[in-house]
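Participant: Between the sequences and the hints, there should be enough to build the whole structure, so can you do that?
Number of protein chains: 2
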Amino acid sequence: MTIPRLLIVDDDSEMRMMMVTYFQRHGFIAHPATSEAEINAHLAENRVDLILLDVMLADENGIEICARLRSEEDVPIILVSALSADHQRMAGYEVGADDYIAKPFNPELLIARVKAVLRRVRRSPSLSYRRATSVWRFGGWRYDGKRDEVIAPDGYQVMLSSRETALLKVLLANPHIPLTREEIAAALSDHPETDAGGRAIDVLVGRLRSKIERNPKAPQMLRTERGTGYVFACDVTREET
Amino acid sequence: MTIPRLLIVDDDSEMRMMMVTYFQRHGFIAHPATSEAEINAHLAENRVDLILLDVMLADENGIEICARLRSEEDVPIILVSALSADHQRMAGYEVGADDYIAKPFNPELLIARVKAVLRRVRRSPSLSYRRATSVWRFGGWRYDGKRDEVIAPDGYQVMLSSRETALLKVLLANPHIPLTREEIAAALSDHPETDAGGRAIDVLVGRLRSKIERNPKAPQMLRTERGTGYVFACDVTREET
DNA sequence: TCGGGTTTGTTACAAGCTGTTACCAATTCC
DNA sequence: GGAATTGGTAACAGCTTGTAACAAACCCGA
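Chains A and B, in that order, give the protein sequences.
The first sequence begins at 1 in the UniProt record's numbering and counts up one residue at a time.
The second sequence begins at 1 in the UniProt record's numbering and counts up one residue at a time.
Each hint should be verified, as a subset may be incorrect.
Which copy? The list can't say, so a pair holds if one copy fits it or any two copies do.
[Said to hold, decoys possible] Using 30 Å as the maximum straight-line C-alpha spacing, the simulated DSSO-like pairs for lysine-lysine come out as follows: (1) Lys115 to Lys103; (2) Lys146 to Lys103; (3) Lys211 to Lys115; (4) Lys211 to Lys103; (5) Lys169 to Lys217; (6) Lys103 to Lys217; (7) Lys146 to Lys211; (8) Lys115 to Lys217; (9) Lys103 to Lys169.
Note that these hints are calculated values from the structure, not bench results.
Facilitator: Right, here's the structure in full:
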């Protein structure tokens with residue numbers, strides 16, 4: 001039995017890190033996130049068994065995020081919220097949450113409920129959830145997630161390294177959404193903090209550009225958002241297979 | 001989608017019948033019960049999708065009943081109780097309950113939570129019993145565990161060494177799950193530590209690739225997860241024989 | 001028991017991947 | 001305009017992986 005992988009989504013950094021370390025101490029693999037973009041970025045590259053989602057994020061609504069995730073994913077979601085009125089709980093269950101836990105919560109009870117949901121899911125010998133990789137199209141390009149093939153508009157295949165592919169997946173999961181280097185690094189690696197300081201992401205972006213941009217000097221798709229990070233300025237369609 | 005069948009267990013007859021009729025009005029099939037004996041009798045004759053079990057029965061303990069049921073059945077159980085202290089809830093989750101709802105409860109919320117559990121159950125394909133399945137299929141290939149035969153998509157038989165076969169079996173048992181060299185070594189041998197240091201797994205993987213990959217230089221199934229190990233990126237089905 | 005073929009692990013080397021650094025260009029801010 | 005900040009990228013070094021070649025171990029029939 002593999003170790004359960006959780007994604008902890010909360011915009012209060014203290015609470016977020018508290019939960020992450022608490023779960024890690026109890027034998028889970030736990031990653032932090034703060035926004036829908038980060039969730040998507042993380043799901044694009046990582047296996048996740050369960051998402052603990054705070055309902056009140058800075059300027060996003062956990063209920064809506066939950067609804068959107070559920071409309072395409074099957075990943076278990078437990079909503080966490082200071083709002084404990086019945087109608088608010090109902091709203092959570094209606095968008096497909098597996099459980100709804102009120103803050104403040106008893107940490108042990110939280111773990112028990114997480115385990116209860118995981119137990120139910122784990123019955124099937126299925127693997128951890130990972131965003132369905134099928135075929136993606138963007139600006140004439142084609143990425144086949146199953147074969148890991150990137151096909152240029154002219155039909156030729158382009159070879160990407162695994163890291164470049166991972167970056168591409170993160171970008172495809174967040175078209176038109178500016179991503180900071182930190183967000184990208186967090187989605188790409190299991191040790192988000194180690195990447196701090198270096199220019200690894202910049203170089204990686206440069207390498208991907210050199211392979212998928214017609215003119216890497218004037219990137220059309222993988223654009224720089226000066227002072228912020230990068231944006232994948234390209235419409236993306238996902239094809240079910 | 002069939003109509004969910006519930007079993008309502010409560011010794012307070014008014015509460016019991018209230019719940020039964022309430023659920024029936026909301027499109028469920030609901031049967032009443034009052035004791036462990038009745039539960040067993042009902043389970044012996046009927047399909048049940050979920051049991052709503054009151055924790056405090058006349059002279060029986062819902063927690064213990066839940067534990068006993070769980071030890072032999074996989075039926076979802078939601079505990080209902082006037083006891084709402086954290087340690088009492090914990091006790092419920094510990095014996096395998098899927099949820100624990102305090103009395104008095106909001107009926108709508110109860111239905112929402114029942115649905116949440118049922119949704120999860122439906123989704124996960126029913127556990128396939130460990131029958132002696134000996135034929136596996138993966139990406140056009142066929143592996144007959146009984147005869148130890150590996151048949152290529154073109155119908156030709158490929159000869160694998162025993163070690164290669166063992167590796168294949170490990171991979172077939174863990175499709176889509178990244179395995180470290182250590183995990184593979186541990187699964188293959190009884191002396192995991194002896195393999196440390198060497199490149200035995202790498203070479204073994206290379207040899208298997210050369211036999212089952214169409215293009216061993218660009219493996220489709222037995223992929224490398226750089227920095228981690230290997231993944232069998234291939235859907236696997238087991239055939240009953 | 002011997003002798004050949006087969007299987008398996010080890011080693012060594014080549015190739016490829018990735019992060020870091022350093023330097024330069026572009027942009028922004030006074 | 002000039003300084004400061006930010007981003008691009010070439011070059012490099014360290015590390016990981018693939019695999020050929022070799023040797024030891026194993027198997028099996030004569």
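Participant: All hints, please: hold or fail.
Facilitator: Each hint tested on the structure:
no., hint, result
1, Lys115 to Lys103, "both (18 Å within a copy, 23 Å between copies)"
2, Lys146 to Lys103, "neither (40 Å within a copy, 49 Å between copies)"
3, Lys211 to Lys115, "neither (44 Å within a copy, 41 Å between copies)"
4, Lys211 to Lys103, "neither (48 Å within a copy, 56 Å between copies)"
5, Lys169 to Lys217, "both (22 Å within a copy, 23 Å between copies)"
6, Lys103 to Lys217, "neither (50 Å within a copy, 53 Å between copies)"
7, Lys146 to Lys211, "both (20 Å within a copy, 21 Å between copies)"
8, Lys115 to Lys217, "neither (49 Å within a copy, 42 Å between copies)"
9, Lys103 to Lys169, "neither (34 Å within a copy, 46 Å between copies)"
Violated hints, listed in ascending order, are 2, 3, 4, 6, 8 and 9; each of the other numbered hints is respected by the structure.
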